[in-house]
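Asks: Now for the letters of each chain:
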Amino acid sequence: MNDHISIAPGVNLTVLPAEQYCKSRITLDFLYPASRATATADALLALVMERGYAACPDMTQLSKKLAGLYGATLSVDTAVNGEMRVLRVTVTGLQDAFALQGEALGQACTDIALGTAFTPVMENGEISPEFVAIEKQQLRQQLEGERNDKRAYCLRQARRRFFGNARAGIEAYGYLEEVDGLCAKDVTQAFFTMLRTAQIDVYLQGIDGQMVAQKLRCALQGIQRTPCALAPACAMPAVPHKHFFEHTAVAQGKLCLLFTSGAPFCAQKLSAMRVAVAILGGTTTSRLFVNVREKQSLCYYCAASFSAMTGMLCIDSGVEHTNAARAMQAILHEWQALRTGEITEEELASAKRFLRTQLIAVNDSQGGAEAWWRAARLRGDDKTPAQVLNEVMAVTQADVHDALAPLTLSVSYLLAEEDMPHDE
Amino acid sequence: MTNEHSSAAQRAAFETAVLSNGMRVLVRPMPGFSGIHAVCGTAFGSVDLAFEANGRRVQVPAGTAHFLEHKMFESEEGDAFALYAKTGASANAFTSFDKTCYLFTCTDHFEENLAILLGLVSKPYFTAETIAKEQGIIGQEIKMYEDSPEWRLVFGVYGGLYGAHPVREDIAGTVDSIAQLTPQLLYACTDAFYSPGQMVLAVAGNVTLAQVVAAAEKTPFAKQTPQVHRLLPQEPAAVAVADSSIRMDVAKPLLGVGFKVAPPCEGAARLRAEMAAEVLVELVCGSMTPLYRTLYDENLAGPDFSGEVLSVPGAFSILFGGETEDPVRVHKLLMEEIDRLARDGVEEELFRLCKNQMYGELLAGLENVEDAATGLLSAWLRGRTPAEELEALAALTRQDVEHALHTMLTRQNSAVFTIYPRETQEADV
Numbered sequence: 001m002n003d004h005i006s007i008a009p010g011v012n013l014t015v016l017p018a019e020q021y022c023k024s025r026i027t028l029d030f031l032y033p034a035s036r037a038t039a040t041a042d043a044l045l046a047l048v049m050e051r052g053y054a055a056c057p058d059m060t061q062l063s064k065k066l067a068g069l070y071g072a073t074l075s076v077d078t079a080v081n082g083e084m085r086v087l088r089v090t091v092t093g094l095q096d097a098f099a100l101q102g103e104a105l106g107q108a109c110t111d112i113a114l115g116t117a118f119t120p121v122m123e124n125g126e127i128s129p130e131f132v133a134i135e136k137q138q139l140r141q142q143l144e145g146e147r148n149d150k151r152a153y154c155l156r157q158a159r160r161r162f163f164g165n166a167r168a169g170i171e172a173y174g175y176l177e178e179v180d181g182l183c184a185k186d187v188t189q190a191f192f193t194m195l196r197t198a199q200i201d202v203y204l205q206g207i208d209g210q211m212v213a214q215k216l217r218c219a220l221q222g223i224q225r226t227p228c229a230l231a232p233a234c235a236m237p238a239v240p241h242k243h244f245f246e247h248t249a250v251a252q253g254k255l256c257l258l259f260t261s262g263a264p265f266c267a268q269k270l271s272a273m274r275v276a277v278a279i280l281g282g283t284t285t286s287r288l289f290v291n292v293r294e295k296q297s298l299c300y301y302c303a304a305s306f307s308a309m310t311g312m313l314c315i316d317s318g319v320e321h322t323n324a325a326r327a328m329q330a331i332l333h334e335w336q337a338l339r340t341g342e343i344t345e346e347e348l349a350s351a352k353r354f355l356r357t358q359l360i361a362v363n364d365s366q367g368g369a370e371a372w373w374r375a376a377r378l379r380g381d382d383k384t385p386a387q388v389l390n391e392v393m394a395v396t397q398a399d400v401h402d403a404l405a406p407l408t409l410s411v412s413y414l415l416a417e418e419d420m421p422h423d424e
Numbered sequence: 001m002t003n004e005h006s007s008a009a010q011r012a013a014f015e016t017a018v019l020s021n022g023m024r025v026l027v028r029p030m031p032g033f034s035g036i037h038a039v040c041g042t043a044f045g046s047v048d049l050a051f052e053a054n055g056r057r058v059q060v061p062a063g064t065a066h067f068l069e070h071k072m073f074e075s076e077e078g079d080a081f082a083l084y085a086k087t088g089a090s091a092n093a094f095t096s097f098d099k100t101c102y103l104f105t106c107t108d109h110f111e112e113n114l115a116i117l118l119g120l121v122s123k124p125y126f127t128a129e130t131i132a133k134e135q136g137i138i139g140q141e142i143k144m145y146e147d148s149p150e151w152r153l154v155f156g157v158y159g160g161l162y163g164a165h166p167v168r169e170d171i172a173g174t175v176d177s178i179a180q181l182t183p184q185l186l187y188a189c190t191d192a193f194y195s196p197g198q199m200v201l202a203v204a205g206n207v208t209l210a211q212v213v214a215a216a217e218k219t220p221f222a223k224q225t226p227q228v229h230r231l232l233p234q235e236p237a238a239v240a241v242a243d244s245s246i247r248m249d250v251a252k253p254l255l256g257v258g259f260k261v262a263p264p265c266e267g268a269a270r271l272r273a274e275m276a277a278e279v280l281v282e283l284v285c286g287s288m289t290p291l292y293r294t295l296y297d298e299n300l301a302g303p304d305f306s307g308e309v310l311s312v313p314g315a316f317s318i319l320f321g322g323e324t325e326d327p328v329r330v331h332k333l334l335m336e337e338i339d340r341l342a343r344d345g346v347e348e349e350l351f352r353l354c355k356n357q358m359y360g361e362l363l364a365g366l367e368n369v370e371d372a373a374t375g376l377l378s379a380w381l382r383g384r385t386p387a388e389e390l391e392a393l394a395a396l397t398r399q400d401v402e403h404a405l406h407t408m409l410t411r412q413n414s415a416v417f418t419i420y421p422r423e424t425q426e427a428d429v
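Residue numbers (the numbering used here), protein chains in the order written: chain C, 1 to 424; chain S, 1 to 429.
Since the hints were derived computationally from the structure, they do not count as laboratory data. Note that the structure is a prediction, hence the values are computed from the model and not measured.
For the chain S half of the interface with chain C, some residues (derived, Cβ under 7 angstroms), not all of them:
no., residue
1, Gly32
2, Phe33
3, Ser34
4, Asp147
5, Pro149
6, Ser287
7, Met288
8, Asn299
9, Leu363
10, Glu367
Backbone N, C-alpha and C fix where the C-beta goes; we use that ideal spot for every residue, glycine too.
Model the full structure from these sequences, guided by the hints.
Replies: Below is the structure:
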């Protein structure tokens, strides 16, 4: 059972069970509306925060501090989920019982997490210009290097065409052309906007909740906050399919297909969608894996995933250059067949069994448990894995057809040496 | 680190038994977890390109162990994934330089899942037709890795360090090498390496040793254990190619610097050498070091610039690498830092912190059922236990690491490999 402690308006603390672990974990999620205007500053903020905080402003000393806590880790990451930006500060360490001489490791990890989250290194009222200058170069490197991972790059390029200028398409790591123009003032503004407007969710595992609650209340003292409500799920409108091609000298082509639900996806249909995605391309017995990869040898991987917050279904695949057109045809054939055709009882049962295993094991990893509650929070539900499992087990063929019915293909993106014939 | 290690040793504890067919079983019960992860592995990996089984010499092409891994999922009745689909388990397999492992994760039907796992490793089934089909799929996998700069960097460095040792070959082989495979060759490999006496079953999670043994004994898997000898080529002490480069579609260059080390003896000596090398890597370019800080603050490399240790039969090396705008300068700084450490010695405080950090990392490897079972199996196949790994770390001294520094990181045994973007001119390295 989770314990919830309400700290202040828009600040919630959740203590997740952790008896089975020797590691502890504290995460602070800042959830606030994604903004195109500040996207690059928001991305830079995460890097600057990870570098050090007021009580430990030197990154090398911070690394030593973490190592001294038996290899504790600190990460600050940022993502855009639906129309919300999520900045996440996580510290993992050992639970107190594993300390060498009874050190209060949970407290030390909490201090690092809260210090990182609330007290960045400031100079004359602004976040350290030195930090900003160095981390700008790191952000630039990160953005320039995005095409090194061809699978992820193809997906990003497809998403850019899919979302256009919509808020849900704001780049989590910002925009390369804006990096040079950023200054400490921009990052400082991004920090204070986040502090003022974000819903703050804290997740604890293996650390005393009351101790953290007290420290958190202290950290929040003096901060004027007007937390924004979480944005609901969104969706891109249905549009005629557009195909994009990018010439790249790669050994294996990458093909990505993005479908939209047209209107915000109905949360009640999510369990049916989980089953649908499992049957389509979520397992090694899925239709895409068996029919497109195994039977037709048209690709090495071919997987489906769905984002409830954006109503976007993604199918991505690694294909032989000359097979791209046939692979796309085969994928669309499987897609259409699942949308309207027969689903055998065994297929349904098999997908449910797969999901059952996943759902029962949600609490078998600290990161997994936390991710579950974060996703639920963003969707605005508080269903436990067990409740979702009950829904999944009740899904019928008609439910799967119903969940898939509104989805239409918007964008296909091919990264290869040559494009597929246009009449395909 | 005594108290710390007694708690840690408890975490690393496991139970073991030998089945009536000779298979070793390792079990780490993990109360409070819902899932069970089982891994069945054999010490047959990508470096095993030649061996002698019962006096008969067998030579196989690069990529054979990995190819076999794919094919073992197929039987006359169909493929094992379809059987797992009936239980709801997630299944997979992987091949590394020195082992091949088959695995599943489940939350129930453990007995049925174990029967599927042991069934698939005990009943090889190969035909020319199914091999031909798999050659197409694995050919695609090989191409996928060809596009990965990090993967190419690792094998570029190993190719520079080793002239003969098969660690220089991609684990999946090449399209041409796997085209040479026949059912006879694959059967020769399963005859040699897939008998119960050579396989280890490691299980972690919501299960007991008695349950695992009882379930495993139900699957018929009896086979004589052959006399097998690995045949590794003679590898010269010197590096094969000291400096090489390629071009590919990357945004900026990648630098890899490898150090070839004489392979330590098996057993405790190897474990000590691995621990010393792992700490050494952290002392040279880990996040607490002056080199890391320089690379980071001067925008010469990102946090991904790091080191790793390779320790497989007949080969031992240390590799540093990552993306950098200026490979020449980073190479120079790396070598200077190694020289500085050799000259000034290792700082006691930094050494202690590096050990602490590694301790945390080792413990983190016991935190979920997947890592726990895989770690148990990997350690056992190398002749050790996770607790012995923790003890070896605790026993490591600064002097051990300084000795490793002087013997392992020598300029004459290093090789550099650089990946340049297609558009730019190659620099002189």
